[in-house]
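Chains as they are written, first to last, in my numbering: chain A, 1 to 235; chain B, 1001 to 1235.
FYI, nobody ran anything at the bench for these hints, they're computed from the structure.
One should not assume that every hint holds.
[Stated by the list, open to error] Rough simulated footprint, nothing fancy, chain A against chain B, three-plus residues with beta-carbon under 8 angstroms: (1) 1040 to 1046; (2) 1130 to 1142; (3) 1178 to 1192.
[Said to hold, decoys possible] Listed below are the simulated DSBU-like cross-link pairs for lysine-lysine, each with C-alpha atoms no more than 30 angstroms apart in a straight line: (4) B:Lys1179 <-> B:Lys1083; (5) A:Lys57 <-> B:Lys1109; (6) B:Lys1083 <-> A:Lys147; (7) A:Lys179 <-> B:Lys1179; (8) B:Lys1103 <-> A:Lys147; (9) B:Lys1109 <-> A:Lys183.
[To be verified] Facing chain A, according to a computed beta carbon distance under 8 angstroms, are these residues of chain B, among others: (10) Thr1009; (11) Ile1012; (12) Asn1091; (13) His1159; (14) Leu1161; (15) Thr1168; (16) Met1170; (17) Gly1171.
Remember, it's a predicted structure, so these values are computed and weren't measured experimentally.
Idealized CB from N, CA, C, for every residue including glycine.
Number of protein chains: 2
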Amino acid sequence: MKSAIIASTSTIHGSGYLEYLTNTLKDHFNRVDEIVFIPYARPSGISHDEYTKIASKAFLKLDKKVIGIHEFNNPAEAMLNAKGIFTGGGNTFVLVNQLYKNKLIEPLKEVIENGTPYLGTSAGSNICGLTMNTTNDMPIVYPPSFKTLGIVPFNINPHYLDSIEGSTHMGETRETRIKEFHKFNTQPVIGLREGSWIEVKGKTMFLRGELDARIFTYNEAPYEIKTNTDLEFLK
Amino acid sequence: MKSAIIASTSTIHGSGYLEYLTNTLKDHFNRVDEIVFIPYARPSGISHDEYTKIASKAFLKLDKKVIGIHEFNNPAEAMLNAKGIFTGGGNTFVLVNQLYKNKLIEPLKEVIENGTPYLGTSAGSNICGLTMNTTNDMPIVYPPSFKTLGIVPFNINPHYLDSIEGSTHMGETRETRIKEFHKFNTQPVIGLREGSWIEVKGKTMFLRGELDARIFTYNEAPYEIKTNTDLEFLK
Chain A
1 MKSAIIASTS TIHGSGYLEY LTNTLKDHFN RVDEIVFIPY ARPSGISHDE
51 YTKIASKAFL KLDKKVIGIH EFNNPAEAML NAKGIFTGGG NTFVLVNQLY
101 KNKLIEPLKE VIENGTPYLG TSAGSNICGL TMNTTNDMPI VYPPSFKTLG
151 IVPFNINPHY LDSIEGSTHM GETRETRIKE FHKFNTQPVI GLREGSWIEV
201 KGKTMFLRGE LDARIFTYNE APYEIKTNTD LEFLK
Chain B
1001 MKSAIIASTS TIHGSGYLEY LTNTLKDHFN RVDEIVFIPY ARPSGISHDE
1051 YTKIASKAFL KLDKKVIGIH EFNNPAEAML NAKGIFTGGG NTFVLVNQLY
1101 KNKLIEPLKE VIENGTPYLG TSAGSNICGL TMNTTNDMPI VYPPSFKTLG
1151 IVPFNINPHY LDSIEGSTHM GETRETRIKE FHKFNTQPVI GLREGSWIEV
1201 KGKTMFLRGE LDARIFTYNE APYEIKTNTD LEFLK
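I would like the entire structure built from these sequences, with the hints used as guidance.
Okay, here's the thing in structure tokens:
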């Protein structure tokens, strides 16, 4: 049974790495003692080893061992054998580029669909949407495609940020950007605020965390949904 | 002689469209009575016609006629015959995609290099850099390449935004994003604050406007430069 946690962020303000998700992850990975970590998104450009250490430290508190996928000679095979998978945040372009380069898009999709428990945060969540066209990241590398895993039948905007009232900055607000997306694409987008996540279990998908989320659908005005909303309607 | 104005934004807070550039543009386009406008970046997804009207209205005050490049049957030819060219802001991915689709990258580079006075704002400035890898825009379409015109021998980050002290948002700051860019690319980046522009005349390039700009070079700490700085050192 498909089982994924798709989180807006790894870290909420004033709290440690993955700390706000502790209880959720205990439950999510309860039958797993070893997690394969995908460090490809390289936040601040840190190395795969450095990033894997950060993830290891967080999962040590839950008594789980973490191994970076870059430590395997055959990463596709490692993915197929993984008991659990975590893809960390960073730059979505760098992440997607590396997944394509290592021919991991299909294997990753396959194992998640087949029930390997998955955790994604930020960029690692973005790739669970149909495409990465709604990432906030800077396009610092050119991936072969923007198509991603489609674990959920819509697009994700992590770190969703409300417009700042009275701002004098003339750059586009997040809402404007997603509305522009809908001039060229038709799939729905969920704006996940920091602290929110999507819980996928089999065919069900629910919004979790304490906050509401913002929904953008083609040709309609954006609107809010409450936490614990069933996302089945989002297609 | 090459002659380009590469501006961070079309509009500064509390002022009309292109208003802060009025005197600069009078001088820049002084021998030009007709400007070809490239509306491809489609801010907020507006149509090419709608966008051209906005540009027309602004240039009417300077007694210049504006024609949208989409109004020509042969846009490459229109570009070669243009007396002046203005590319407006919006979404850089959409702009670059359309320029490639219409085979206009080479002709546009050529006419600017050969001396057709050029104005770019925001996305229209981004394309004057070596690549569009330092845009702030959302990747709502997938262009065939991120390579751009290279009118200047570095990359541009328009609407440069300083980190907000005390922000609780966990998304990357602009500075972090550009530092990540330099983990994968080596060319310098200029962070142009709203109200700043680069004035290119022949082989000279100067920072103009009232504000300082921020310079990011490979393997060095970012630093500020004063307005009116000669940018010749940036390669």
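We went through each hint and held it up to the structure:
no., hint, result
1, 1040 to 1046, "holds (count 4)"
2, 1130 to 1142, "holds (count 11)"
3, 1178 to 1192, "holds (count 8)"
4, B:Lys1179 <-> B:Lys1083, "39 angstroms, violated"
5, A:Lys57 <-> B:Lys1109, "51 angstroms, violated"
6, B:Lys1083 <-> A:Lys147, "41 angstroms, violated"
7, A:Lys179 <-> B:Lys1179, "28 angstroms, holds"
8, B:Lys1103 <-> A:Lys147, "25 angstroms, holds"
9, B:Lys1109 <-> A:Lys183, "28 angstroms, holds"
10, Thr1009, "5 angstroms, holds"
11, Ile1012, "7 angstroms, holds"
12, Asn1091, "6 angstroms, holds"
13, His1159, "4 angstroms, holds"
14, Leu1161, "6 angstroms, holds"
15, Thr1168, "4 angstroms, holds"
16, Met1170, "5 angstroms, holds"
17, Gly1171, "4 angstroms, holds"
Hints 4, 5, 6 from the list above are not met by this structure, while the remaining hints are.
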